[in-house]
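Enquirer: Letter by letter, the chains look like this.
2 protein chains.
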Amino acid sequence: MFDCGEGTQLQLLKAGIRHSRISAILISHLHGDHLYGLPGLLSTMTLLHRVEPLTIIGPGGIAAYLDAMPGYAEDEPPEFPIEFVELQEGFGRRIVIDRPDYFVEARPLEHRIITVGYRFQEKVQPGNLDVERARELGVTDYVHYRILKEGKPVVLGNDRVIQPRDVLGEEKRGRVFAYITDTRPCEGGRLLARGADLLQHEATFLHDLVDRARETGHSTAYEAADLAAEAGVGRLLLSHFSARYQDAAPLLDEARAVFERTDAAEELVRYPVEKMDGFSG
Amino acid sequence: MFDCGEGTQLQLLKAGIRHSRISAILISHLHGDHLYGLPGLLSTMTLLHRVEPLTIIGPGGIAAYLDAMPGYAEDEPPEFPIEFVELQEGFGRRIVIDRPDYFVEARPLEHRIITVGYRFQEKVQPGNLDVERARELGVTDYVHYRILKEGKPVVLGNDRVIQPRDVLGEEKRGRVFAYITDTRPCEGGRLLARGADLLQHEATFLHDLVDRARETGHSTAYEAADLAAEAGVGRLLLSHFSARYQDAAPLLDEARAVFERTDAAEELVRYPVEKMDGFSG
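Protein sequences, first through last, are from chains A and B. Under my numbering, think of the first position of the first sequence as 1, with each following residue one higher. Under my numbering, think of the first position of the second sequence as 282, with each following residue one higher.
In short, the hints are calculated from the structure, not lab data. Please read all numbers here as calculations on a predicted model, not as lab measurements. Honestly, I wouldn't trust all of these hints.
[Said to hold, decoys possible] Below, a list of computed lysine to aspartate or glutamate pairs in the DMTMM-like style, where the Cα atoms sit at most 25 Å apart:
#	chain 1	residue 1	chain 2	residue 2
1	A	Lys14	B	Asp314
2	A	Lys14	B	Glu547
3	A	Lys14	B	Asp528
4	A	Lys14	B	Glu548
5	B	Lys295	A	Glu267
[Claimed, not checked] Some chain B residues flagged as far from chain A (calculated, every beta-carbon gap over 12 Å):
#	residue
6	Ser304
7	Ala349
8	Val442
Note that CB positions come from ideal geometry on N, CA and C, so glycine has one too.
My request is simple: use the sequences and hints to build the entire structure.
Expert: Okay, here's the thing in structure tokens:
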């Protein structure tokens with residue numbers, strides 16, 4: 001889960017997402033609208049007797065923030081292990097999560113305080129096994145099929161070695177989601193976004209307020225779309241609109257003029273991460 | 282405003298209550314469900330450029346809690362003055378707010394940590410001016426009427442002194458609201474509740490779980506009703522139900538068997554504080 005503003009636990013309930021499905025919470029920066037739902041969510045997880053471990057990733061200070069929180073752990077400390085990964089001022093590229101099927105890369109963004117962007121990337125999957133071809137080569141044992149699918153060679157009874165490449169189709173790249181907020185358009189954002197299937201980028205202002213965006217460390221809809229086009233993403237999802245805009249339509253229009261495949265994020269709507277056509281790298 | 286759990290600012294919005302109408306926030310105790318909405322609400326007040334002063338009252342530690350909150354005041358400190366009133370372990374009766382038309386009394390309750398109950402009381406209002414009687418006594422000047430209504434005597438041109446009691450009807454007592462959560466039934470609660478027009482009292486459990494209530498420092502619906510009857514309140518409003526009860530009906534039934542004039546609090550419903558019949562003290 002990326003960021004955790006006030007009321008997140010209520011939205012999870014409405015979205016029908018069980019707490020146990022959340023294995024990591026990645027915080028962009030320590031401003032309230034990205035953070036103040038965390039103590040309540042952790043309290044509820046504790047109350048519901050969660051046992052699964054949880055990883056909390058974010059800028060330095062996040063563990064101290066939770067430690068200083070009255071009513072969070074004093075009374076009934078969590079029974080589940082929490083691992084903190086803190087990124088300190090001046091950090092560079094960092095792999096903050098590395099699991100068998102995906103990893104998450106963090107890079108610094110440019111906001112008023114230390115802020116982190118994230119790139120979630122599924123690992124390359126082996127291609128499909130061509131069973132007909134395998135049989136032709138004399139592989140008939142299902143245990144051998146599994147070993148080959150895992151990318152390892154097998155040795156048959158006749159000492160013949162079958163390599164995975166002999167029987168597997170093309171490798172399948174995983175999907176990529178980049179989460180970039182709150183920030184000016186910046187190098188870290190561009191690197192995280194490159195070739196992403198879905199880029200969620202903040203668009204606090206319309207471009208007529210670009211001066212205000214510079215002052216406050218935010219981006220305009222035009223700038224988000226420009227970065228999306230340059231990074232060659234599949235789709236762009238705008239978010240983090242200033243309260244001055246009662247309707248996201250003008251922000252969406254401004255972005256679509258530059259990058260057509262853009263949506264404006266709405267609460268409780270699912271935006272699937274789908275592989276772009278014609279991109280296999 | 283009494284207590285400020287996560288999501289309070291959203292509920293204020295839904296209820297159509299403007300932030301500027303909140304002059305004081307009174308926190309019962311430093312557990313998350315009574316507290317975690319406070320940083321977000323203060324941030325929003327800051328963002329909306331509130332200028333009115335705000336009083337925050339609660340157990341010791343509440344100012345430090347807000348001080349330690351990243352993203353709350355670092356970036357854009359509030360422009361409005363905040364006065365903290367902290368009650369330390371072992372405090373007795375205390376008048377925490379004293380305004381021209383009402384005051385609030387605090388007393389300690391009995392929970393797992395230091396917890397405060399509150400009694401909001403409107404001050405006595407002078408009776409209505411009997412204009413006919415005033416004219417008979419020679420008072421015809423509207424300035425004199427106002428002075429008499431404020432409880433001060435006036436001297437007429439003929440040196441005759443008219444006392445307020447000569448022209449005013451019976452004094453009108455103010456309304457009383459008592460807010461008592463989270464606690465065992467206790468002496469502090471009883472004293473705060475006496476003769477209240479409306480008592481909001483927690484009822485976490487049904488009485489078959491009274492042992493669990495004792496362990497966790499809570500009350501049962503039966504106990505809340507018993508206290509309401511003993512304190513001679515006008516109406517009882519039950520709140521703070523355990524999540525194990527999907528419906529408040531059994532709690533309400535249990536309480537009404539002891540004290541009939543009981544409701545079970547629901548989100549976003551107004552429960553007016555109306556003077557009890559036949560009570561003029």
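Enquirer: Evaluate each hint against the coordinates.
Expert: Against the structure, the hints come out as follows:
1. Lys14(A) with Asp314(B): holds, 19 Å
2. Lys14(A) with Glu547(B): holds, 19 Å
3. Lys14(A) with Asp528(B): Status holds; Cα separation ~19 Å.
4. Lys14(A) with Glu548(B): holds, 17 Å
5. Lys295(B) with Glu267(A): holds, 17 Å
6. Ser304: Non-interface label stands for Ser304(B): nearest chain A Cβ at 22 Å, farther than 12 Å.
7. Ala349: At about 4 Å from chain A, Ala349(B) fails to clear the 12 Å cut-off, so the statement is violated.
8. Val442: Given a closest Cβ separation of 58 Å, the condition holds.
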